[in-house]
Amino acid sequence: MIRVKFVKIVGTSLKKGTVTIKYPYEKPLITSEFRGKIEVDPAKCTGCGACTRICPPKALYLVKEGDNLVIRYFIGRCIFCAMCADICPQKAISVSHEFELATDDIASLYEDIEHDLVKCACGKAFAPKKLVNEVIEKTKLPPHLLTLCPECRRVETVKRLSFRLLGVKW
Amino acid sequence: MAMVKFLALNQKPSGIDLERAFKRLKRSVWVFHLNTGSCNGCDIEVLDVLTPYFDVERFGIKLVVSPRHADVALLTGPITIKAFPKVVRALQAIPRPRLVLAIGSCAVGGGIWFDSYSTIGGLHRVIDILKDMGIEIDRVAYVPGCPARPEAIIYGVAVLLDLLKPKVKYRRVKA
Amino acid sequence: MERLELSKVLESIARGKRSRDILLKMSKVLGRKMRNVKKVGSTSIFVEIDRDTLPKVALLVLYNEPDVYFRTMVASDERRVEGVYKLYYVFGIDSEGTNIVLEVALPQDEPVAPTIVDIVKAIDWYEMEAHDLMGIVFRDRDLPRFVLPDDWPQDLYPLRKDVSIDSIRKNYSPKAIEHARAIEAEQIVKIPIGPYHPALHEPEYFELYVRGEKVIDSRYVGFLVHRGIEKLAENMKYNQVPFLAERICGICGFVHSTSYCQAVEDALSIDVPERAHFIRSIVLEIERIHSHLLWIGVALHLLGYDTGFMHIWRVREKIMIIAELLTGSRKTYGINIVGGVRKDINKDKIEKVVKTLNEVEQEYQHLIETAMGVPQVKKRLSGTGILPRAEARALSVVGPVARGSGLARDVRKDYPYAAYHFVSFKVPVYSEGDNLARTLVRVEEVMESINIVKQLLDTLPQGPISVDRWDVEPFKRGIGAVEAPRGEVIHMVITGRYGPYRWRARAPTYQNLPAVPIMLRGVDLADAAITIASIDPCFSCTDRAIVLDLAKGSIRTIPISYITQKGLPR
Chain Y
1 MIRVKFVKIV GTSLKKGTVT IKYPYEKPLI TSEFRGKIEV DPAKCTGCGA CTRICPPKAL
61 YLVKEGDNLV IRYFIGRCIF CAMCADICPQ KAISVSHEFE LATDDIASLY EDIEHDLVKC
121 ACGKAFAPKK LVNEVIEKTK LPPHLLTLCP ECRRVETVKR LSFRLLGVKW
Chain C
1 MAMVKFLALN QKPSGIDLER AFKRLKRSVW VFHLNTGSCN GCDIEVLDVL TPYFDVERFG
61 IKLVVSPRHA DVALLTGPIT IKAFPKVVRA LQAIPRPRLV LAIGSCAVGG GIWFDSYSTI
121 GGLHRVIDIL KDMGIEIDRV AYVPGCPARP EAIIYGVAVL LDLLKPKVKY RRVKA
Chain H
1 MERLELSKVL ESIARGKRSR DILLKMSKVL GRKMRNVKKV GSTSIFVEID RDTLPKVALL
61 VLYNEPDVYF RTMVASDERR VEGVYKLYYV FGIDSEGTNI VLEVALPQDE PVAPTIVDIV
121 KAIDWYEMEA HDLMGIVFRD RDLPRFVLPD DWPQDLYPLR KDVSIDSIRK NYSPKAIEHA
181 RAIEAEQIVK IPIGPYHPAL HEPEYFELYV RGEKVIDSRY VGFLVHRGIE KLAENMKYNQ
241 VPFLAERICG ICGFVHSTSY CQAVEDALSI DVPERAHFIR SIVLEIERIH SHLLWIGVAL
301 HLLGYDTGFM HIWRVREKIM IIAELLTGSR KTYGINIVGG VRKDINKDKI EKVVKTLNEV
361 EQEYQHLIET AMGVPQVKKR LSGTGILPRA EARALSVVGP VARGSGLARD VRKDYPYAAY
421 HFVSFKVPVY SEGDNLARTL VRVEEVMESI NIVKQLLDTL PQGPISVDRW DVEPFKRGIG
481 AVEAPRGEVI HMVITGRYGP YRWRARAPTY QNLPAVPIML RGVDLADAAI TIASIDPCFS
541 CTDRAIVLDL AKGSIRTIPI SYITQKGLPR
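So the sequence lines, in the order shown, correspond to chains Y, C and H.
The first sequence: position 46 = 46 (the working numbering), numbered continuously.
The second sequence: position 149 = 149 (the working numbering), numbered continuously.
The third sequence: position 179 = 179 (the working numbering), numbered continuously.
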């Protein structure tokens with residue numbers, strides 16, 4: 001005689017009832033901690049690129065387009081780890097609960113933020129305007145040096161120092 | 001006259017026929033799971049979609065074992081160079097209209113290993129190569145996520161079958 | 001005089017009685033050839049030896065000791081540092097929790113070493129991988145293509161420092177796409193349907209050689225998941241690698257990121273705050289519960305009991321929800337960084353977690369009782385797929401595979417880490433070695449894990465969740481080991497300036513897969529699927545390298561042309 005104990009499962013099923021969450025007609029099963037797509041606030045972003053350096057899959061990356069610097073966010077490669085949100089010095093990146101990101105056109109998975117670049121006297125566009133303004137505000141360094149590109153800045157600093165300390169004019 | 005008729009018979013399926021076949025597919029699709037070297041995170045979420053909490057079988061979607069019976073290939077993984085021949089083989093076996101749903105950040109954009117020496121880097125890089133080999137893919141949908149939530153997969157199937165319009169759009173703002 | 005001084009030095013380095021005895025034995029055998037014994041990190045002792053003395057040491061001293069097991073082997077390109085290639089053989093003294101690492105230096109123009117595969121059976125795959133990826137030649141043994149595809153160019157070794165990923169892509173990727181059909185197309189059709197593991201949907205497969213209904217031997221063809229992770233990590237920063245490590249495997253990813261962080265913290269002597277240890281242990285145990293529930297569901301499905309599969313996965317969903325509550329994502333949690341964790345737990349979350357765990361415990365016990373009462377489940381599991389204790393010991397298997405064959409090995413007890421010093425729990429061990437034993441080990445471990453999480457949540461200490469800052473010192477070595485749901489995960493890190501110089505991640509399935517042909521001998525074809533599943537294979541953990549295994553079978557119903565085409569020795 002086989003012991004038919006396993007028929008108990010019928011009782012369990014009846015007691016449990018239906019647990020199905022009829023998404024998309026009902027709300028999905030998301031907790032408050034869920035990490036979805038990130039939102040970058042263009043007003044706060046200064047274009048420093050810290051997020052692009054920490055992003056593990058390089059979903060956030062910098063593209064130079066002429067005199068503009070573009071911060072590109074490729075949602076397709078994002079791993080939703082939120083390291084960029086942790087590291088942004090301006091706290092411009094926030095994490096949303098958005099996960100309905102499917103699309104049939106891969107070009108719609110890109111988001112761009114365009115930054116104007118500061119042009120040095122020599123003609124080279126080297127850093128975003130907002131970043132240079134931020135550095136001028138936060139530090140005591142002289143603005144006339146900060147609006148030069150690194151090479152020109154080096155030359156100018158040596159010129160001024162050698163004048164001040166040695167009286168030599170270049 | 002006979003020559004013209006003969007040429008017409010030998011043509012590849014025309015766009016009109018595909019549209020008709022596609023309309024018939026709007027409801028219960030049969031899916032084939034194709035793992036091209038993924039970490040299995042998205043794969044267990046695909047299996048999870050069958051379980052009671054999400055229960056995709058209420059839409060009539062069924063997981064089949066052979067690609068010959070399938071309408072949609074659920075592709076996960078960044079397509080490693082060693083798995084590429086299998087991908088070709090499996091996609092070739094799916095009869096037209098051929099639909100592919102690329103699930104997870106690996107399948108969409110290559111994921112965290114998009115620049116490794118042994119991965120090709122996601123579905124969008126191989127679509128043209130497959131076309132040259134004679135394997136046409138009729139519709140593709142991309143589902144980002146790492147791993148892609150079961151709800152996101154259901155949403156992705158709806159976008160693939162044209163039941164829902166996608167929400168994301170390309171945006172460019174000035175800082 | 002010299003012997004006395006040497007023994008004094010060894011006594012001061014040894015961490016306990018067992019390591020002292022073993023080091024003294026080694027010094028007797030090696031004499032002056034034993035150089036430079038030093039303590040590294042918190043659990044390891046590195047011993048430099050000549051490559052010619054390697055077989056002697058491996059046999060006479062280490063392999064014959066009953067509590068010493070082989071853990072992993074790492075090949076490293078240190079030509080920039082010391083002008084040599086290095087091989088690190090990691091042996092572990094389970095009873096004491098010490099690693100004895102044999103460091104062998106190979107000159108850069110002659111990277112040849114003796115093979116020890118006859119002595120240490122478990123080292124087979126490691127030697128083949130070191131040859132394939134680093135170009136180390138082992139004397140007197142076959143070295144077929146292992147990790148990389150068959151048409152990979154000769155003399156292109158990806159893990160060498162003078163080879164960049166860009167240069168590899170230039171040399172190889174177009175050919176793969178051209179040869180795609182030519183290489184694999186014919187063969188796929190001939191592979192029998194049985195071995196393609198239906199429930200796991202992995203790209204790998206086993207070939208089974210059958211006579212009648214019984215399986216004679218088997219072959220594993222895989223490593224299709226090789227993604228070049230170790231090479232990628234060398235270009236990444238320290239805090240980006242945990243995310244890479246977590247995606248080695250989607251089911252047991254957190255153990256890899258914890259193990260990597262522990263290896264770096266071991267190498268740089270970073271003092272992680274206690275609260276971080278507790279949080280890591282809690283999330284590790286929750287991952288263990290979810291992984292075992294996943295496996296039990298899959299096993300029931302393979303045995304034909306689909307109702308059980310659905311019910312167990314329904315219970316498992318609750319665990320996924322609390323994992324999302326604690327860490328922010330259902331899987332690939334992403335909360336580990338070097339020096340601690342990124343996310344904290346508050347009282348509200350603790351209450352929810354405890355409530356859910358109580359519900360899960362009740363339902364789970366009820367379901368398991370019912371499932372075991374189903375006739376096909378217990379009958380098909382017992383007596384099939386036996387792994388004898390001696391073979392298990394010879395192959396140094398890990399995890400439930402070892403515990404199901406009578407070896408009481410568990411990293412949480414033998415080499416304690418994180419917060420496991422503070423909890424009390426049992427480690428279930430069964431000695432039959434069949435599928436039922438391995439199933440029962442996992443079934444009981446779920447109950448133990450629920451118990452551990454409740455203990456940890458109860459005694460969670462206050463404090464910071466990560467260190468404020470830590471300093472990098474290049475070329476320091478560290479080993480981190482964690483007990484994953486599938487067995488022991490062990491990582492070794494050699495630190496660099498901004499990221500790891502060399503990172504070796506060894507997953508448990510890599511160690512366990514060589515045991516599958518032994519388990520499959522004499523098994524009915526119908527039971528082959530559950531036998532393969534009983535080691536809980538996680539092919540993506542294993543496949544950070546590419547594997548091609550060899551079978552020794554003689555009668556086959558599979559065309560021989562397939563095997564000879566691959567050019568593998570028979």
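Just so you know, these hints were derived from the structure itself, not from any lab.
Watch out, some of these pointers could steer you wrong.
[Said to hold, decoys possible] Listed next, with one range per pair, are the computed distances between beta-carbon atoms:
| hint | chain 1 | residue 1 | chain 2 | residue 2 | range |
| --- | --- | --- | --- | --- | --- |
| 1 | Y | V7 | H | R521 | 33 to 39 Å |
| 2 | Y | L145 | H | S164 | 15 to 21 Å |
| 3 | Y | V63 | H | G16 | 53 to 59 Å |
| 4 | C | I127 | Y | E137 | 27 to 33 Å |
| 5 | H | Q462 | Y | L145 | 44 to 50 Å |
| 6 | C | D132 | H | E351 | 55 to 61 Å |
| 7 | H | L143 | C | M133 | 49 to 55 Å |
Virtual Cβ for every residue (Gly too), placed ideally from N, Cα, C.
Hints, one by one, checked against the model:
Separated by about 37 Å at the C-beta atoms, Y/V7 and H/R521 satisfy the suggested range of 33 to 39 Å. Take Y/L145 and H/S164: their Cβ atoms lie about 37 Å apart, and the range 15 to 21 Å is violated. Under the hint 53 to 59 Å, the C-beta atoms of Y/V63 and H/G16, about 58 Å apart, fit the expected range. One distance hint, 27 to 33 Å for the beta-carbon pair C/I127 and Y/E137, is violated here, with the actual separation near 48 Å.
Distance hint check: the CB atoms of H/Q462 and Y/L145 are about 48 Å apart, consistent with the given range 44 to 50 Å. One distance hint, 55 to 61 Å for the beta-carbon pair C/D132 and H/E351, holds here, with the actual separation near 59 Å. The hinted range of 49 to 55 Å is not satisfied by H/L143 and C/M133, whose Cβ atoms lie roughly 34 Å apart.
In summary, the numbered hints that this structure violates are 2, 4 and 7.
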